[in-house]
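Peer 1: As a plain string of letters, each chain reads:
Number of protein chains: 4
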Amino acid sequence: MQTMGKWVFRQAGVQHLALEETAVPTPGVGEIVVRVAAVALNYRDLRFINGGQSGTALTLPATPGSDLAGVVVATGAGVTRFSEGDDVLGTFWAGWIDGECPPEARVLGGSLPGVLAQYVVLNEAWAVRAPRTLSAIEASTLPCAGLTAWFALVEKGTVHAGQTVLMQGTGGVALFGVQLARAHGAQVIVTSSSAAKLRRMRELGATHGIDRSETPDWDRVAREMTGGQGVDHVFELAGGDNLGASLRALRQGGRISLIGTLDGYNMSLPSIPSFIGRPTIQGIGVGHRRAFDDLVRAVDTLGLKPVVDTVYAFDQLPAALAHLERGAFGKVVVKVGD
Amino acid sequence: MQTMGKWVFRQAGVQHLALEETAVPTPGVGEIVVRVAAVALNYRDLRFINGGQSGTALTLPATPGSDLAGVVVATGAGVTRFSEGDDVLGTFWAGWIDGECPPEARVLGGSLPGVLAQYVVLNEAWAVRAPRTLSAIEASTLPCAGLTAWFALVEKGTVHAGQTVLMQGTGGVALFGVQLARAHGAQVIVTSSSAAKLRRMRELGATHGIDRSETPDWDRVAREMTGGQGVDHVFELAGGDNLGASLRALRQGGRISLIGTLDGYNMSLPSIPSFIGRPTIQGIGVGHRRAFDDLVRAVDTLGLKPVVDTVYAFDQLPAALAHLERGAFGKVVVKVGD
Amino acid sequence: MQTMGKWVFRQAGVQHLALEETAVPTPGVGEIVVRVAAVALNYRDLRFINGGQSGTALTLPATPGSDLAGVVVATGAGVTRFSEGDDVLGTFWAGWIDGECPPEARVLGGSLPGVLAQYVVLNEAWAVRAPRTLSAIEASTLPCAGLTAWFALVEKGTVHAGQTVLMQGTGGVALFGVQLARAHGAQVIVTSSSAAKLRRMRELGATHGIDRSETPDWDRVAREMTGGQGVDHVFELAGGDNLGASLRALRQGGRISLIGTLDGYNMSLPSIPSFIGRPTIQGIGVGHRRAFDDLVRAVDTLGLKPVVDTVYAFDQLPAALAHLERGAFGKVVVKVGD
Amino acid sequence: MQTMGKWVFRQAGVQHLALEETAVPTPGVGEIVVRVAAVALNYRDLRFINGGQSGTALTLPATPGSDLAGVVVATGAGVTRFSEGDDVLGTFWAGWIDGECPPEARVLGGSLPGVLAQYVVLNEAWAVRAPRTLSAIEASTLPCAGLTAWFALVEKGTVHAGQTVLMQGTGGVALFGVQLARAHGAQVIVTSSSAAKLRRMRELGATHGIDRSETPDWDRVAREMTGGQGVDHVFELAGGDNLGASLRALRQGGRISLIGTLDGYNMSLPSIPSFIGRPTIQGIGVGHRRAFDDLVRAVDTLGLKPVVDTVYAFDQLPAALAHLERGAFGKVVVKVGD
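Chains as they are written, first to last, in the numbering used here: chain A, 1 to 338; chain B, 1 to 338; chain C, 1 to 338; chain D, 1 to 338.
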């Protein structure tokens, strides 16, 4: 029997993570086995390990991780979408193919086992073909952060040239947001309380930066940047009272994407001055497989390169999670195989 | 010179309303003169008279009223949409024809003069043909309350048979909401703290009523009424902390219409448990002329009869406003002409 | 081993259909076994049996039939959507869940085995819960004819009250079209060359009928019926040169649904007079599972009863197909079990 | 009284065009007077002059021309959208603001007087602000050709990165189509029977060219270029039997824009093999003012430069029309003022 390494925790808490030796899985009917090359981490992995993932009862022992890039090494009976040797990415939502999210859809590294292992078995419906133009490390950043930005901007927001999109902060979704909005000819305003990060966002393509530590009334300044009309779309990534300012920055009939990758936050919708603009406020929870296929095609056409902060070796997961916790500019990725 | 009566206030406050004698207007280029038959009142008329209408600087003297039914008695040069003798309704938004609301659109009885007069002059673009099947008194209820419900349900919400829509309260928009949702084959849940009003809503077609005074956790009960899936669409007419309950009552991917007829309210968006459902929260501010034409056609096809609570004579405006203030079931209408 | 009856043909042609004895299937991983209660026939079943189904290489022996109602009698490992005893309907498209049709989707009684058998095995993703308010015989008419009408009218056409929809002919899709359009408050014009069938369509709810044998310029008459504006939506079910007339009957910006249940026809798009109206011409090929769930909910809410022409016993399939071939008003259904 | 030059014809036919001296217009209520700087020509101007414009009774004498760039030199009473000195473009459709085209909308140089004059008077609703980044000559190309491409691609087609759009031929709309599709990250295939023009299209950004004179089965080759999936969107600019090939080149659920700038053509919709893909076939007739504002914003953001073939002086209109008739690569523009 072939064995492999897999990260497991038997009690909630990062300190209980252990790299265990276990059997390489074999594919059942309709399943594929993927040799994992890279796993990108998300903040929700930390919450999951710490036992606080919302809406998901933690069943122990558990393996964390949702965003994998790898190669198909075995296929079960009836598999038609993939062959051995195909480079694939997992879908964050297992079973959300297109349209609305069906009740039976589940999350890898959530109610389904996670992917921080050398091999994983997936239903063939839970994977897409990887982009031709990215390394596995780069591609592993797409399933959650990349698709969330794409879904908000393109699938729901139908971004187009000449619009102005505002990104709050400089997290992983905001970085993809800048790159994708620019690739569609839109202007991008970024808010951050770090001048250094604003500089890096401008290098990435952002057309304007607002330093929130110097400009607390950033919504007024953002509105001025659009000639008084207001921005077309805000990525609401901060939460709290911030939503009021987002509404004030918005044009008549504009759009706010509430982005929480499954974890919400308290926020307050303000009164008269901001409300009268007929906004559309849209909750975003990653996205479906068809949109993921669209994103992969776009990445290859555009030559878009995801921003990776640091790559950690497979046995360095705790260090990678510590990095994630103290903040990063770009994705933190665990290199699993070759 | 022909004269007419017109309601005017020279200081903010209902007590300063006076029925004045003034010249009947004549139409300019592209304008029509309408002999007013009926004006339906809205709560915003009270705020306007009291000087508190949001976003609108009150220029005195002023005439209140936005929702008129009447007949065209004169047409200016270049008018092509109407002829003398046509029964018409005014559009709440003057200059919002279709699609997005353009910045130049204004409101009758807001930044434009109101319609509580025996004759009014309107740009021909600010009126639609009245339904064939309603009296002027009934038809006068359509421009604000009727169109708001239609816009939320049909134009934005694409209601269809088998859905469940939840109406908060028993105001004018909620009443139209019940009638229109039922006319499209949807089920309707109404919440109210009055058992008597719930009874009347059921007579109007509502399929379920929840008495909020007896069932404070109405969202749980509403969800049960849909077999646990959640309702498809909530008309958020209460504001405040209520929005949290609305989100809890909603299905995955459901819709909340924030309805305020131009006046907002403080409300809070709740955290995790309700947020993960990818809701669409849509601000509604009445609607455009093309949708109004659609509504008129629907009223005639359906034989839908608006609910009128009480009709007041033209010189009884203060009594009508007092009625509005203490609450009504159905619209309060001022009969102006014959 | 339990055995059952199944219709099989080993050469193309209705005369080669034979009722064979074979083993009752057992469910694999993710599969359900359904005891079939009723199968509704479609014209495409005849073409399939005669070897002419487009785009599908006929692999013999084969079993025809796509539209089944039945009850779950066994579930395989990993099944979560259904339990034994659930009343279900098959989906015409196996694997089209929502949104766009993925390339891997296939058709029961097409590239997948048909359902004219006492038991069938289905992936659990290929079924929906049956409506509570219909018999199995009635419900079996929904998967193809019912869903096609629903998908064109509601999912793609967002029908609403006050619109006018025009149905060409009196086939199965047109009958559902009349019932569903009426249930959403729309008016319906039907064209047919049979006065008797027009009478029955009016009984079913159609608001207007046009006898094409007496009124060859039916498009002109249809336009008059809408006060000159043109109809909002045409179900193009006739093909050929007819599309030109459909465009002439249509309003500015109206919609034509090209409905062929997978088999096309030659048709010509006419020139200037009809083209300038910015039509949307939409090809319809049945629909997806999420819309089917919506339809089932609508049927239960509305109490809609499908029109069944004649019910045949399971061993009378050849007679049922002969009936189909000579024409029916409503669906021809084979009763398989109890 | 100030006078100006204006092109007039008193009989149908280019040979009857005469440059006449007439009074400079003055603005009425709600109107602006524009000093015309440039007028771009369209093929429909030729048809109009030759008396063959579809659906429009030619009233003589008449002035041709629809696409103007100029500067506001006078404003009538009640004008709020513009001030003297504003650079503006006329809207092709006078009175189509947003959403659906209302019946009262008319065309400049169609049922309304044309703009080949040194000064024109327009309702203020029939103009938009010119882009900051283009000369008047460049900007004059936007109202018809530019907006048609934008409307098909962005407003109706919601183009996004990674898609493949196919342009038939190298006319004015196709040129804008290439530039705008590329600006949204899409790939573009162009078909033409001129190798030289295909070269120029590649210089403009087209990713692939197919020489129809060498590759009559261009649809097969186009499909191969997309890895067998089919293209996402075809600009159908050729008409005739070509539509069949367009459908064969299209992916499942793809879009065809029928573009005719108000003049249709005979075309045939083919049978089975192409039909089963659930296409959306959308008639395009230029577009509305809100989309035009969006286009102007996009042009400024992108720095997009329209392709101008040749500029003619105001008194050289007949030579400009002759150029148009024999074909151009880019727009033919008449320089009217400075």
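Be aware that one or more of the hints could be misleading.
To give a feel for the contact side, a few chain B residues facing chain D, derived at Cβ under 10 Å [claimed, not checked]:
#1 G30
#2 G51
#3 A291
Distance windows between CB atoms, simulated [claimed, not checked]:
#4 C:D300 to A:R10: 43 to 49 Å
#5 D:L58 to B:R132: 34 to 40 Å
#6 B:T215 to A:A23: 50 to 56 Å
#7 A:G327 to B:G253: 56 to 62 Å
#8 D:T59 to C:A196: 34 to 40 Å
#9 A:N50 to B:S213: 57 to 63 Å
#10 D:E214 to B:Q229: 32 to 38 Å
#11 B:R129 to C:E224: 16 to 22 Å
#12 D:G227 to A:L60: 51 to 57 Å
#13 C:Q229 to B:Q229: 37 to 43 Å
#14 A:D315 to D:E214: 41 to 47 Å
The hints are simulated quantities; they were obtained by calculation from the structure and are not laboratory data.
Every residue gets a Cβ at the ideal spot worked out from N, C-alpha and C, and that includes glycine.
Peer 1: A separate judgement is required for each hint: does it hold in the structure or not?
Peer 2: Structure-based check of all given hints:
1. G30: Holds, about 7 Å.
2. G51: 25 Å, violated
3. A291: 9 Å, holds
4. C:D300 to A:R10: 43 to 49 Å: 47 Å, holds
5. D:L58 to B:R132: 34 to 40 Å: 37 Å, holds
6. B:T215 to A:A23: 50 to 56 Å: At roughly 53 Å between Cβ atoms, A23 of chain A and T215 of chain B fall inside 50 to 56 Å, so the hint holds.
7. A:G327 to B:G253: 56 to 62 Å: 32 Å, violated
8. D:T59 to C:A196: 34 to 40 Å: 50 Å, violated
9. A:N50 to B:S213: 57 to 63 Å: 42 Å, violated
10. D:E214 to B:Q229: 32 to 38 Å: 58 Å, violated
11. B:R129 to C:E224: 16 to 22 Å: Hint holds: Cβ distance 18 Å, inside 16 to 22 Å.
12. D:G227 to A:L60: 51 to 57 Å: 44 Å, violated
13. C:Q229 to B:Q229: 37 to 43 Å: About 39 Å separates the Cβ atoms of Q229 of chain C and Q229 of chain B, which means 37 to 43 Å holds.
14. A:D315 to D:E214: 41 to 47 Å: 58 Å, violated
When each numbered hint is compared with the structure, violations occur for hints 2, 7, 8, 9, 10, 12 and 14.
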